[in-house]
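Asks: Knowing the structure of chain A, use the given hints to seat chains B and C on it.
Residues per chain are reported as follows:
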Amino acid sequence: MHLLIQAIILGVLTGGLYALMTSGLTLTFGTMRIINMAQGVFVVCGAYIAFTMFNYLHIDPFLSILVSTPLLFAVGVTLQTFLLKPIRHDAHRLSLLMTWAMAIGLEGILSLIFGTDFRGITTTYQNSSWTIAGYQFPVVRVLAFGLSVLILVGMYLLLARTKFGRAVRAVSQRESAAKLLGVNTDRTAALAFGIGAATAGAAGAMFGLVSSFDPASHYDLIGRLLAICVLGGLGSNAGAITGAVALALSESLVQAEFSPAWSSVPFYVLLVIVLVARPQGLFGVRTRGAI
Amino acid sequence: MGALLEIEGLAKRFGGIVAVDGCSFSVETGSITGLIGPNGSGKTTVLNMLSGYLASDAGSILFDGKRIGRPDPTAMYRRGMSRTFQRARVLPEIDVLDNLLVAAPKRGLAVWGMSKANRATVDYAMTLLEDFRLIRLAEAKAGELSYGQQKLLEFATVLMGQPRLVLLDEPTAGVNHVMVDLMTERIRQFHAQGLTFLVIEHNMEFVMSLCNPIVVLDHGKQLFGGAPDEVQQNQLVLDAYLGD
Amino acid sequence: MKRWASAHRGLLIGLVVILALALFPFSGVEGWIVNIGIFTLMYAALGSAWNLIGGYTGYVSLGSVAFFGLGAYGLALTFQHVGVGDGLLPFALVPVIGIAVAIISLPLGFVAFRTRGLPFIIVTISLVIILQYLALNLTAVTGGAPGLQVPQAPFQPGTYEQYFYWAMLTVFAVTLLACAYVRGSRLGLMMFAVREDEDKARGLGVATSVPKFAAFAGSAAFSAMAGAVWAYYLSTVYPQFAFDGEFLAMGIILVAYLGGIGTLWGPFIGALILTPAQQYFAYSLGGSQLYLIAYAAVFVVVMLFLPRGVVTTFADRALRRSRRRKQAVEELATAELEPPVEASSHAVAR
Numbered sequence: 001m002h003l004l005i006q007a008i009i010l011g012v013l014t015g016g017l018y019a020l021m022t023s024g025l026t027l028t029f030g031t032m033r034i035i036n037m038a039q040g041v042f043v044v045c046g047a048y049i050a051f052t053m054f055n056y057l058h059i060d061p062f063l064s065i066l067v068s069t070p071l072l073f074a075v076g077v078t079l080q081t082f083l084l085k086p087i088r089h090d091a092h093r094l095s096l097l098m099t100w101a102m103a104i105g106l107e108g109i110l111s112l113i114f115g116t117d118f119r120g121i122t123t124t125y126q127n128s129s130w131t132i133a134g135y136q137f138p139v140v141r142v143l144a145f146g147l148s149v150l151i152l153v154g155m156y157l158l159l160a161r162t163k164f165g166r167a168v169r170a171v172s173q174r175e176s177a178a179k180l181l182g183v184n185t186d187r188t189a190a191l192a193f194g195i196g197a198a199t200a201g202a203a204g205a206m207f208g209l210v211s212s213f214d215p216a217s218h219y220d221l222i223g224r225l226l227a228i229c230v231l232g233g234l235g236s237n238a239g240a241i242t243g244a245v246a247l248a249l250s251e252s253l254v255q256a257e258f259s260p261a262w263s264s265v266p267f268y269v270l271l272v273i274v275l276v277a278r279p280q281g282l283f284g285v286r287t288r289g290a291i
Numbered sequence: 001m002g003a004l005l006e007i008e009g010l011a012k013r014f015g016g017i018v019a020v021d022g023c024s025f026s027v028e029t030g031s032i033t034g035l036i037g038p039n040g041s042g043k044t045t046v047l048n049m050l051s052g053y054l055a056s057d058a059g060s061i062l063f064d065g066k067r068i069g070r071p072d073p074t075a076m077y078r079r080g081m082s083r084t085f086q087r088a089r090v091l092p093e094i095d096v097l098d099n100l101l102v103a104a105p106k107r108g109l110a111v112w113g114m115s116k117a118n119r120a121t122v123d124y125a126m127t128l129l130e131d132f133r134l135i136r137l138a139e140a141k142a143g144e145l146s147y148g149q150q151k152l153l154e155f156a157t158v159l160m161g162q163p164r165l166v167l168l169d170e171p172t173a174g175v176n177h178v179m180v181d182l183m184t185e186r187i188r189q190f191h192a193q194g195l196t197f198l199v200i201e202h203n204m205e206f207v208m209s210l211c212n213p214i215v216v217l218d219h220g221k222q223l224f225g226g227a228p229d230e231v232q233q234n235q236l237v238l239d240a241y242l243g244d
Numbered sequence: 001m002k003r004w005a006s007a008h009r010g011l012l013i014g015l016v017v018i019l020a021l022a023l024f025p026f027s028g029v030e031g032w033i034v035n036i037g038i039f040t041l042m043y044a045a046l047g048s049a050w051n052l053i054g055g056y057t058g059y060v061s062l063g064s065v066a067f068f069g070l071g072a073y074g075l076a077l078t079f080q081h082v083g084v085g086d087g088l089l090p091f092a093l094v095p096v097i098g099i100a101v102a103i104i105s106l107p108l109g110f111v112a113f114r115t116r117g118l119p120f121i122i123v124t125i126s127l128v129i130i131l132q133y134l135a136l137n138l139t140a141v142t143g144g145a146p147g148l149q150v151p152q153a154p155f156q157p158g159t160y161e162q163y164f165y166w167a168m169l170t171v172f173a174v175t176l177l178a179c180a181y182v183r184g185s186r187l188g189l190m191m192f193a194v195r196e197d198e199d200k201a202r203g204l205g206v207a208t209s210v211p212k213f214a215a216f217a218g219s220a221a222f223s224a225m226a227g228a229v230w231a232y233y234l235s236t237v238y239p240q241f242a243f244d245g246e247f248l249a250m251g252i253i254l255v256a257y258l259g260g261i262g263t264l265w266g267p268f269i270g271a272l273i274l275t276p277a278q279q280y281f282a283y284s285l286g287g288s289q290l291y292l293i294a295y296a297a298v299f300v301v302v303m304l305f306l307p308r309g310v311v312t313t314f315a316d317r318a319l320r321r322s323r324r325r326k327q328a329v330e331e332l333a334t335a336e337l338e339p340p341v342e343a344s345s346h347a348v349a350r
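Protein chains in written order, with the working numbering: chain A, 1 to 291; chain B, 1 to 244; chain C, 1 to 350.
Looking at chain A on its own, in the form it has when it is part of the complex (with noise of 0.2 angstroms):
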């Protein structure tokens, strides 16, 4: 019993992570109505960025998120605006491959820079943990959760409260009503682009602290977002953060109680169970059938 609740507490708290990475991903989605294949090789890249800073110039890992968040918003901006806009015009069949041609070209990269060693990030406090109540609260866990709920917070502030969440919530109900209401469509899609690799870059300084990766990390992490976004429900916020948190519970138990090799099974199983019975996903919006 002791060890199941620490399980579900480390689950818990991975899942805050996992659900970070995810949102860029259903941002994207949202406003462009693409799937993001390179949100995974810009959480490495934000892990790299971390890994750098922490051991060339002796940086918190979680200080370097200050310098990961915008240099991966400027990536994101930088690749939407050369690589996306040019095939917007046929973005849905084409942004496939080449978000795919970003993540591989990226991972490329990075392997030139950093070799295609496994590296971790090791820092004075990597295996201190709290203790309340007799369980253990690995103070990166915390910190990573925390941060993270803070980072989505601010999205969906920045959603709900700001000239450019109302810009993004009317390009994805639709697209050529909102062009006609004076929404810059291309800059709302550049930004929202650049965010959701911004909350990647974040994300992956934390993901530097709690495994270790490669430059080819990122298409573990990819499938795993994918997913999550697909149980949950693809384009829902509070479907990303259920399947997110659903992910790592699953993993985190099954790691706890029987062996690490077969984590990943009953989140499968689990996603299969909610395609048969609710193919939108947890918290999507049935579209099927639409006239």
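It is worth saying that the hints were derived from the structure and are not from the lab.
Predicted, not measured: the structure shown is a model, and the values here were computed from it.
C-beta: ideal position from N, C-alpha, C; glycine also.
Pair ranges (Cβ atoms, derived):
#1 A:K163 - C:I99: 55 to 63 angstroms
#2 B:G69 - A:A74: 52 to 60 angstroms
#3 B:R119 - C:D199: 24 to 32 angstroms
#4 C:D199 - A:A277: 20 to 28 angstroms
#5 A:K85 - B:E139: 33 to 41 angstroms
#6 B:R119 - C:G85: 48 to 56 angstroms
#7 A:T162 - B:R87: 30 to 38 angstroms
Replies: Chains B and C in isolation, oriented as in the chain A frame:
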């Protein structure tokens, strides 16, 4: 003659909005029944439920005397009820003739044949194209046709299934008068051959000259039903239209 | 004879191309070139198989590679547990594996077809990930990360590649034939209808699950056949390559895009351009990081400059030329139907 289609107490709500509220009316065999009403009166929602695109919350549908439990678009088409859409829907990247051939009813092993359709089906499709003056465009992609031609094509397409009832959703919307005349002519022609129509329309001139009886919907309910002149003189109908 | 030839022009072109391809190893080329030929034909077969589901039916699937891997493992496991002799005999297994994988694909299709559009893509990505995961972890069956060994075929060193070349060519030819059949048949028409507007198709009495499952299972069968031949050729199967979502899955789609989605010859032409280039990069840049960057650059160039594919682009150009000739007739036809008024109502309707 009896009723080909009878609906009773049909209802649908979207969230808190009641779109159709216990709607009942019938379509007599061999009639061209008009379905009119102010914007938002639930006409298209009724059509969507009839054709199986939308599940109803309550009510029953009787087609040809048989109760239809859960209508499904494919099944309804095969039973002999087919529809068009308010904004013409054709299959844009395949050619005009193929648009018709795809609608020819085939089932079971016939699906696995080597050709798209047998001689007789192709001939019938060509006759329809001739009727709708689309024959020269048989090999063009449907998406290349003008909007009006697409509406004609969609109408022609649903006739491939040898239906007994055709539901037309605003056949004249966004179409010029030459097309409207052609559309009217074709409706009369197929009506004369025994086809029954249920027509949703905003173009009053078109409805009054073509349809009898006319069913008026308002707020998702039948407000009135009768011959065109009765509808024109009915105070309730005038209020519904003018009151908005 | 002449009339027959004009009616079956496509069939004749196909025969000539396949025959020319079959004679290619006799032209005295070296083994490594035949090796590139095998990979090109593999991509052509996989691309054509993908076209059935992604190009004709419009369901963009990343699942081809899952069935490719199942075919590869299928062959290796049969070798291990049944014993199928050696030499040419194992090739007889290939169609059996194709059928078996097609049957396995049906329940998977049932889950995947609960969704459409972007979620469908993601579900098929998940399928590849799950299978890779199982191949890695079901060590008792799959041998885990190192995978399974297939006994090497006892062919002479000089002609070793040729047999696999012809086997892969056969898989490609069969796939192409299936595509040609589909394009001219009622089944293909139903697939196109699903691609164009699935809900409208349902309203036209099309039982949409028939073309969807036919495309899915057919695509699975041909992909699995390519996988089985590939496994025998390399005489090894391991998870990283058999369920390679990173390069193979996307490479297959790129081949189809480059050639022209939904066209008969597109995937072949795409493979003809792309695979030798890719093999060249792999040789000259090695497994190095530059290879990744070059590969990504190829994706970007294709998406930016040839988004509709080689075949589609050229076919459109030819069509426009012949259209211009027919235009006089067309204008007459439209003039009688379409007075200028139509233009304005058209704009409103859109």
